[in-house]
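J.: Take a look at the letters that make up each chain.
Number of protein chains: 4
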Amino acid sequence: MSSTISIGALSVSVFGESHGTAIGAVIDNLPAGEKLDLERIYGFMSRRAPKKDGTSTMRSETDFPEIISGFYNGKTTGEAICAIIKNKDQHSSDYKSIYGIARPGHADYTGFLRYNCANDPRGGGHFSGRLTAPLVFMGAICEQLLEARGVTAAAHIYSIGKEKDLPFDPVNVSKEQLKEVKTKYLPVIDPEADGKMRNVIDEARKALDSVGGVIECCAVGFPAGMGSPIFDGLENRISQIVFGIPAIKGIEFGAGFEAAEMKGSENNDEFYTENGDIRTRTNNAGGILGGISNGMPLIFRTAVKPTPSIARPQNTVNFITKENTITEIKGRHDPCIVPRAVPCVEAALNIALMSYFL
Amino acid sequence: MSSTISIGALSVSVFGESHGTAIGAVIDNLPAGEKLDLERIYGFMSRRAPKKDGTSTMRSETDFPEIISGFYNGKTTGEAICAIIKNKDQHSSDYKSIYGIARPGHADYTGFLRYNCANDPRGGGHFSGRLTAPLVFMGAICEQLLEARGVTAAAHIYSIGKEKDLPFDPVNVSKEQLKEVKTKYLPVIDPEADGKMRNVIDEARKALDSVGGVIECCAVGFPAGMGSPIFDGLENRISQIVFGIPAIKGIEFGAGFEAAEMKGSENNDEFYTENGDIRTRTNNAGGILGGISNGMPLIFRTAVKPTPSIARPQNTVNFITKENTITEIKGRHDPCIVPRAVPCVEAALNIALMSYFL
Amino acid sequence: MSSTISIGALSVSVFGESHGTAIGAVIDNLPAGEKLDLERIYGFMSRRAPKKDGTSTMRSETDFPEIISGFYNGKTTGEAICAIIKNKDQHSSDYKSIYGIARPGHADYTGFLRYNCANDPRGGGHFSGRLTAPLVFMGAICEQLLEARGVTAAAHIYSIGKEKDLPFDPVNVSKEQLKEVKTKYLPVIDPEADGKMRNVIDEARKALDSVGGVIECCAVGFPAGMGSPIFDGLENRISQIVFGIPAIKGIEFGAGFEAAEMKGSENNDEFYTENGDIRTRTNNAGGILGGISNGMPLIFRTAVKPTPSIARPQNTVNFITKENTITEIKGRHDPCIVPRAVPCVEAALNIALMSYFL
Amino acid sequence: MSSTISIGALSVSVFGESHGTAIGAVIDNLPAGEKLDLERIYGFMSRRAPKKDGTSTMRSETDFPEIISGFYNGKTTGEAICAIIKNKDQHSSDYKSIYGIARPGHADYTGFLRYNCANDPRGGGHFSGRLTAPLVFMGAICEQLLEARGVTAAAHIYSIGKEKDLPFDPVNVSKEQLKEVKTKYLPVIDPEADGKMRNVIDEARKALDSVGGVIECCAVGFPAGMGSPIFDGLENRISQIVFGIPAIKGIEFGAGFEAAEMKGSENNDEFYTENGDIRTRTNNAGGILGGISNGMPLIFRTAVKPTPSIARPQNTVNFITKENTITEIKGRHDPCIVPRAVPCVEAALNIALMSYFL
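One line per chain: the protein sequences are A, B, C and D, in this order. All letters in the first sequence, in the order written, are residues 1 to 358 by the numbering used here. All letters in the second sequence, in the order written, are residues 359 to 716 by the numbering used here. All letters in the third sequence, in the order written, are residues 717 to 1074 by the numbering used here. All letters in the fourth sequence, in the order written, are residues 1075 to 1432 by the numbering used here.
A few of these clues could be false.
Said to hold, decoys possible - Straight-line C-alpha distance at most 27 Å; calculated DSSO-like pairs for lysine-lysine:
#1 Lys880/C to Lys1256/D
#2 Lys880/C to Lys1337/D
#3 Lys804/C to Lys433/B
#4 Lys979/C to Lys1270/D
#5 Lys86/A to Lys1149/D
#6 Lys164/A to Lys621/B
#7 Lys393/B to Lys804/C
#8 Lys791/C to Lys680/B
#9 Lys802/C to Lys1046/C
#10 Lys1337/D to Lys1046/C
#11 Lys444/B to Lys802/C
#12 Lys751/C to Lys454/B
#13 Lys1236/D to Lys878/C
#14 Lys1256/D to Lys35/A
#15 Lys162/A to Lys433/B
#16 Lys1170/D to Lys880/C
#17 Lys812/C to Lys433/B
#18 Lys751/C to Lys446/B
#19 Lys533/B to Lys322/A
#20 Lys75/A to Lys1396/D
#21 Lys446/B to Lys804/C
#22 Lys1256/D to Lys1270/D
#23 Lys680/B to Lys175/A
#24 Lys96/A to Lys1149/D
#25 Lys878/C to Lys1337/D
#26 Lys184/A to Lys621/B
#27 Lys751/C to Lys444/B
#28 Lys35/A to Lys1170/D
Source of the hints: derived by calculation from the structure; they are not laboratory data.
In isolation and in its complexed conformation, chain A is listed as follows:
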């Protein structure tokens, strides 16, 4: 409910407001005695940090999670793990001047209605993209637990604007390829896509605009036979968490929307057996049949809308006075949040997949 949900036997909670004391997460019901490498957690989280062209390490960032509980002697205790990430940026002196102005594409107005004008509006409050940091923290933990179970997941930028990366090979993608793409500053498979995408982003920035994109996410090594039909299948759980990332507006598994244009004879993945393994020759199902994994790579793509914060003046309303007005959003904003959303989507998948091992 709200920002605390049960996902299978796992319970995850995200709390905090952008300009409050701190944000954080509680993840409960993970197994006890699992080793956690904190440096690796910080490394995962640093992939979400603001991108600069120089090297950026987690250590020097403010988004350093302090683990409060559930971790002892380098291992999970089996109790709830709570982590806190302090907020640095709590000055909000100039906030009041814009209170009541609905920034287009933001939740200022809907949050005001939902919380009876009592929500913390500073910096987007609980709706801020900053709240993905706790999600990434939990995903970074699950990454290590999944690895211990033979599962590797990774996400890459599938497209920014109309510029596309190469897709994962849905049949033959390997753990090595997944691990490699995670190390990249701009996580793309096709080296040429790197430059083209940077150009698209630069152009958007210069035009005081922003641009969206698509993220593709894949897991290899997830055992066949996990998931459930109807309401608790892999698609249901994954999408429930992925839509927990602000700016996500769509998700598709395997061939997804393209399957809707296909014939059954094209879309059906023929099974074959080789050395005792059962596999499919294509993977339009994205590794999921009837909500249950079939042993092929799990693949989905998710649409990220362009950053709603743009520097151009925009027509809007003051929802307090109910008057039409114009807003100019101050401050520096990412012209494209897709790169920073990549580890968020991967984290969401990690959490969903880990929930099946409990």
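Given chain A, put chains B, C and D in place with the hints provided.
T.: Coordinates of chains B, C and D only, in the frame set by chain A:
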């Protein structure tokens, strides 16, 4: 969990196997004292019945739900409503000959793994599309409760194969338009789309093949300010239930994947106020900002894969013997399940929306 | 929520009204491939049937459960098991004359308020003791699954009025003793208690009155190390389900309320080890420390209030007219429901314990 | 699940270990815009602080909760409220010498089994009574929200050892009486009970022993018609949370176990109407019929076992070496935890009751 979930304060459960005694649903925690018109429930369910060119009424169908509990004197009692739909088609004499053969695109193999070879495999068991009937039953109940609260939802066929219908006008779609499209045998907006889509389906049938499509769903009258950020927003709840429909492989809200190709200045919906109402000039957000409704029409589209059951021989495996083999699926199968999936998607939306009124 | 809850990974739902079409249960998320002996389920349920001095078999009773789903070839399929128990007694011709009269000790008035006067009041509706039949059905299933895991549970009448049975030996009670007490018509350990308790019940009946009692329940073979601290321990789960039985007004584990009068040196159970087993010399903890089983017998007692339906005239109100009045409850009522509540309490424990094996 | 549960629409989570960095709580889904007086929260929490004969203020204690989120401008934001309580006492130099020794009555052994020897054992870890501080924090918040809705709850010491206080008058107890008993250092109704109970505690301390007791808890002003039958009634919810307090071994509502010795004619609470109000002349039901409030005071009692930490040598085992041994528990321990458990029980009730207002 599995086929029983909590969606907000609502609890919904779908049970049964295709060739067992019966299938059915339990929906718990609806308000007490709500009038239910049973004929209208049957009418809603008949939209899911196999399409024939003659008139088809629910009454003459086998999928007639018997309400067991929670309904008294024409009203909900506030206790769990259970309905049973008897299965007619329980002869499965020829089942054993195909046991172990993984029909491509079906959950035969994954179900076998998931349930340790103990699941009921006849006719797809719990994975059968037949299990959408209980979902539609629950959605038909929620339709009436929503109407009493001023909310109207409807779905139409957005596309079959590459043939497209006109979309709902995301800004100005009216309740009347929604109600009208529900009455159509083939629910499309553009009269010309009807013939074109029928052709696509006919061609697929003649080619012993099948074809997929996209369904668009819309709700008008849902109040602004409902939903939640992070894990329990409108997108999360709706997608969790929509993916409960077999064959769904993707979902997108508002502009969805198209938003990923847009600039922020194009995608942002500018607010304006008119006669005290706050509205947006475009509706790329699909009526949802930060997981919360903004008062504009709620709009999403969902991808339906082509029917996996096709009459052509297909390469596959016997997952018991682990040998490669060929399957020829007997019996008559819908060359396109999109028309019958329309009320299923609408039902899923109804359930999700009703959960916010509790 | 209401009559559908998640208990660990298990989901259980009880539906129906006393004079409606049927009552029933859905239990979801049990493991697949578990053998179920239906005769034994009926036998368990017959322990809850009205007690007569002649032999009473389930088969001849109306409370015969029809399994609708989740059961195939003698085994669980892993999908939700739904069972329906038809109601015979649907004539309610004389109901209207007493509508609005709050029978003391019954939920007529509170149900009326809770459900906005829309609940089905006939025969107590959803509040009827009849609704324990679905609970017992689910407990009877779990009994067999627990047995396959080495766990045996049983309940006996600890007291009726002031007449006490011998208690289970909290340290040395054996599976054989538990199994034996289940076979008894009046489930007591001390043969002399049988006659004394029958006298107490007879006296109550002759006095147009009723009498309450205490049920003691025990499980042997439940592994050490199961349960959780804080909110999801054995006491929490067991009590949540046991209070699902109408007429239960208290529960205590191990020494329970007596522990409150003890010194720490008396109440603490000293551990000792013998042949590699760790045991305690006393069992005031009822086999539970920190919400987790310690390997000793699990023991609790629960208080059953006297049947509120008594033949004497009682002062009460008409909650429609808000006038004082007198009620005389017609029909035959058990002067003591404790014997019939015994399998209900045992069923509740079975469900709670089984939830830890998922 | 584990230490995170949903209780109706409310989600509560308790995290932390006794000697870790901090302990804390997350409570999610409270309404937005509710005023919270922090001083009053600290005051409530100080009732749980170690009792000294001098004045003890929260401010000077270590158990000072820092609210991290969900609170802005003196009001709830509607988002999850997280609070952290730092642990001071993290020195655990002498821990290793006693590792593996099962202190009788403690969860050392069961926690070791449950968490695969990975739990944090220092000071009891997550099983420590210290973990009731986050519970009390959440209960202190709910107290204020309940008061705004006309509900007042309080608990007092019903007995310590064999010394009894006067009970609440189950029919006529007033809000004033409830508020008064909360202000007392030793919360008893009968002034003479104060001295007698102190004597019992002193004697236990001198004997290097401890003593248990019973706590009675009552709420006035809770509206009639709230709750649900079967699994989600007032008894179910309240007991689920109350058993979240370590050392609780029993709970009874209204007449409770005494009802089991009563006749129906004695136990049934006759209704009467006066000035349009419907009330009962007795209150053996504890204000609950069919899981639903009837408007009378809600009353329950709960058994607290004697502190398991006593200074005497006790026989026990080393569960690592599986050898019999003797333990002598070092440090100072409360000879009676009942007084400190009073606000914990009250907090549990507050949380349960508040969950019905969402």
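J.: Give a verdict on every hint.
T.: So, going through the hints one by one against the coordinates:
1. Lys880/C to Lys1256/D: violated, 39 Å
2. Lys880/C to Lys1337/D: holds, 16 Å
3. Lys804/C to Lys433/B: holds, 22 Å
4. Lys979/C to Lys1270/D: holds, 16 Å
5. Lys86/A to Lys1149/D: The given pair, whose Cα atoms are some 21 Å apart, holds under the 27 Å limit.
6. Lys164/A to Lys621/B: holds, 16 Å
7. Lys393/B to Lys804/C: holds, 26 Å
8. Lys791/C to Lys680/B: holds, 24 Å
9. Lys802/C to Lys1046/C: holds, 23 Å
10. Lys1337/D to Lys1046/C: holds, 18 Å
11. Lys444/B to Lys802/C: Status holds; Cα separation ~15 Å.
12. Lys751/C to Lys454/B: Satisfied, since the Cα-Cα distance of roughly 21 Å is no more than 27 Å.
13. Lys1236/D to Lys878/C: Since the Cα atoms of lysine 1236/D and lysine 878/C sit roughly 21 Å apart, the hinted pair holds (cutoff 27 Å).
14. Lys1256/D to Lys35/A: Roughly 46 Å separates the two Cα atoms, so the pair is violated.
15. Lys162/A to Lys433/B: violated, 53 Å
16. Lys1170/D to Lys880/C: violated, 48 Å
17. Lys812/C to Lys433/B: holds, 18 Å
18. Lys751/C to Lys446/B: This hinted pair holds, its Cα atoms lying about 26 Å apart.
19. Lys533/B to Lys322/A: Given pair lysine 533/B, lysine 322/A holds - Cα atoms ~26 Å apart, limit 27 Å.
20. Lys75/A to Lys1396/D: Holds: lysine 75/A and lysine 1396/D sit about 24 Å apart, inside 27 Å.
21. Lys446/B to Lys804/C: Roughly 25 Å between the alpha carbons, so the hint for lysine 446/B and lysine 804/C holds.
22. Lys1256/D to Lys1270/D: Between lysine 1256/D and lysine 1270/D the Cα gap is close to 19 Å, so the pair holds against 27 Å.
23. Lys680/B to Lys175/A: Roughly 26 Å separates the two Cα atoms, so the pair holds.
24. Lys96/A to Lys1149/D: holds, 18 Å
25. Lys878/C to Lys1337/D: The hint holds at about 11 Å.
26. Lys184/A to Lys621/B: At roughly 25 Å apart (the allowed maximum being 27 Å), lysine 621/B and lysine 184/A satisfy the hint.
27. Lys751/C to Lys444/B: Roughly 24 Å between the alpha carbons, so the hint for lysine 751/C and lysine 444/B holds.
28. Lys35/A to Lys1170/D: Holds. Lysine 35/A to lysine 1170/D sits at ~21 Å (cutoff 27 Å).
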